[in-house]
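There are 2 protein chains.
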Amino acid sequence: MIKKFQDTIAEEIEKLSVELSLPPAELYDPIRYTLAMGGKRIRPLLVMMGCDLFGGKTDDAIAPALAVELFHNFTLVHDDIMDNAPLRRNKVTVHSKWNTPTAILSGDVMMVKAYQLLCRSKLPPHVFDSVLSVFNDMAIKVCEGQQWDVNYEQLHRISIPQYFKMIELKTAVLLATCLKIGALIGGAGKEDAKNIYEFGKNTGIAFQLQDDLLDVYGDEEKFGKQKGGDILSNKKTFLLLKAMDIASSNQYLKEELEQWMTLPPTPELRSQPSLSARLSGERGAKDAAEKIEAVTRIYDFANIKKITEEEINSYHTKAVESFEKVYVSAEKKKVLLDFTSMLLKREV
Amino acid sequence: MIKKFQDTIAEEIEKLSVELSLPPAELYDPIRYTLAMGGKRIRPLLVMMGCDLFGGKTDDAIAPALAVELFHNFTLVHDDIMDNAPLRRNKVTVHSKWNTPTAILSGDVMMVKAYQLLCRSKLPPHVFDSVLSVFNDMAIKVCEGQQWDVNYEQLHRISIPQYFKMIELKTAVLLATCLKIGALIGGAGKEDAKNIYEFGKNTGIAFQLQDDLLDVYGDEEKFGKQKGGDILSNKKTFLLLKAMDIASSNQYLKEELEQWMTLPPTPELRSQPSLSARLSGERGAKDAAEKIEAVTRIYDFANIKKITEEEINSYHTKAVESFEKVYVSAEKKKVLLDFTSMLLKREV
Chain A
-12 MIKKFQDTIA EEIEKLSVEL SLPPAELYDP IRYTLAMGGK RIRPLLVMMG
38 CDLFGGKTDD AIAPALAVEL FHNFTLVHDD IMDNAPLRRN KVTVHSKWNT
88 PTAILSGDVM MVKAYQLLCR SKLPPHVFDS VLSVFNDMAI KVCEGQQWDV
138 NYEQLHRISI PQYFKMIELK TAVLLATCLK IGALIGGAGK EDAKNIYEFG
188 KNTGIAFQLQ DDLLDVYGDE EKFGKQKGGD ILSNKKTFLL LKAMDIASSN
238 QYLKEELEQW MTLPPTPELR SQPSLSARLS GERGAKDAAE KIEAVTRIYD
288 FANIKKITEE EINSYHTKAV ESFEKVYVSA EKKKVLLDFT SMLLKREV
Chain B
-12 MIKKFQDTIA EEIEKLSVEL SLPPAELYDP IRYTLAMGGK RIRPLLVMMG
38 CDLFGGKTDD AIAPALAVEL FHNFTLVHDD IMDNAPLRRN KVTVHSKWNT
88 PTAILSGDVM MVKAYQLLCR SKLPPHVFDS VLSVFNDMAI KVCEGQQWDV
138 NYEQLHRISI PQYFKMIELK TAVLLATCLK IGALIGGAGK EDAKNIYEFG
188 KNTGIAFQLQ DDLLDVYGDE EKFGKQKGGD ILSNKKTFLL LKAMDIASSN
238 QYLKEELEQW MTLPPTPELR SQPSLSARLS GERGAKDAAE KIEAVTRIYD
288 FANIKKITEE EINSYHTKAV ESFEKVYVSA EKKKVLLDFT SMLLKREV
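Order-wise, the sequence lines are chains A and B. For the first sequence, our numbering assigns the number -12 to the initial residue and increments by one for each residue that follows. For the second sequence, our numbering assigns the number -12 to the initial residue and increments by one for each residue that follows.
Don't take each hint at face value.
In this list, chains with the same sequence are indistinguishable; a pair is considered to hold if it fits within one copy or across any two.
Straight-line alpha carbon distances no greater than 27 Å define the calculated DSS-like cross-link-like pairs of lysine-lysine that follow [what the hints assert, rightly or not]:
#1 Lys128 <-> Lys2
#2 Lys229 <-> Lys241
#3 Lys177 <-> Lys109
#4 Lys241 <-> Lys292
The set of hints was computed from the structure by calculation and includes no laboratory data. If you're wondering where the values come from, they're calculated on a predicted model, not measured in any experiment.
Same shape as in the complex, but just chain A (with noise of 0.2 Å):
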């Protein structure tokens, strides 16, 4: 079922790209270029995955499936810019790759599309208008939550409900909004539309949760990525803001980590395949490695690990609380909640 899907939104991503071979080649380029990328496709999935729990056809959420995926791709251009990022999924980004006008009005482009998408979906009247108010309410927050993301970067400090907040607009609404489309478009009642609109978020926010996790306690060789970028741009993930909690009633551990994270962020690194490839010289490559092991080491004697676990496991039973709710055969119900639970172990 789900590979069926994935092959459908291959195909279909393969043909919207065919359909945006158009001039000026600046704008629609990118478009393509980023539709390439490619990555997991995971929201257009949950899209099509939202309207066969409820016995909906699938072939009346394709198009809304490619407006979601047109919209996080536009996103992740427009990101891009405000964070500088040189690379995406080990590719150049758009603006690096072009320029940033190009990147801010093929993102701009990329928007209209995915509203021209949606309306491409022959739904019934008050179908459609549900789509697109939750649609927009979804975009708004998204860009809301960026807005946040991008004024933390200013400050030293934040508190652990602000990231929350935050990482619920940026990234969990989205994954819940792809879910209620997908449901309003199988036929979910209000219900059930705000129930799997809930186990979406709340897995969202499990998925950023291990997402942070992973960045300093995973296994390289299963993610392919380098350990501890995050350390090295200072950034602040749940498990940063938690060791400051816990440092802040311990002078040791409070200075320990503060000095840390005084040196200058390193973002590049993030992306990068090769952590030690791009850095300048041995020299630099044993700062960073030094920096990633002191700053784990204050992790681990803070039980970081465990307390991020607990609180992936909190947020993935209130996601399950609300699924159970559903109205909806428990063998409908497997497919989806198994899937998700892969996500969260990142098996897919």
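Chain A is fixed; fit chain B onto it per the hints.
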């Protein structure tokens, strides 16, 4: 009638602005700042007038009217980043007052808000679908127009048809769409909606040509704008492109014009209230005045003023021809026709 619409629009924008007093301030303040800049708010007015022309309830057109104004402001904020413009309507641009990430994001939110406002209009489904579809097509075209403009900035020369296509997409299509959206809400049929669109499009092109003309031949006191800004910034206006065309068969004129065009552009002069105040010294002011004078002399020699006026008349005539086909009483038509004529004469 027009005054009543203008008052309604001003009130509704004020209400919207209050509604948008939200956190994060970095995201919403720039939107309210942009809305407060004012401008002539011609676009929302055209939506209202388009609706009224067909005897529609203009209350139904308010939300879509705000939507086009927000969309227009979104394009201004993003365009100003791309153009490195320090000022807009004599006020500091968003990216200069805040920063580029904030300008990108608040522009993005403006676009989403535009869609949200469209959805707020409680239109019958078939009208809403048409309005949304027309709006989407317009949004894509405006982005394409801006990309062509960005591309053409890099070229030494573009053809006159390329110029017309660019201003059609970048400027005229939005004006045409405003009228068409209003017409659809007012109950216009397909043929009438098409004709009103053509009327708006050709009026928009005439309007842009007039803008080009006034920069060189306008009455400074009347328009409160320093003349010659386009000449100083080497902007590829209709006047310059036509002069280049004519000069291509006149070696002396060609060399003279090219010599002036090789001077570095001084785009920041364009939006300044006082030219001389911006120039670093006597010498700069003298050079600028000399360039404006010399290029104007070339234009005079090549009869550019008359040629441009003929072109404006030709587009205006085309516009009026389409308008005549619209199946509405002459009395009703007069309001809109008088308004666009006033616009062209810059009396409004």
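Against the structure, the hints come out as follows:
no.	hint	result
1	Lys128 <-> Lys2	between (30 Å within a copy, 21 Å between copies)
2	Lys229 <-> Lys241	within (12 Å within a copy, 70 Å between copies)
3	Lys177 <-> Lys109	both (21 Å within a copy, 21 Å between copies)
4	Lys241 <-> Lys292	within (18 Å within a copy, 73 Å between copies)
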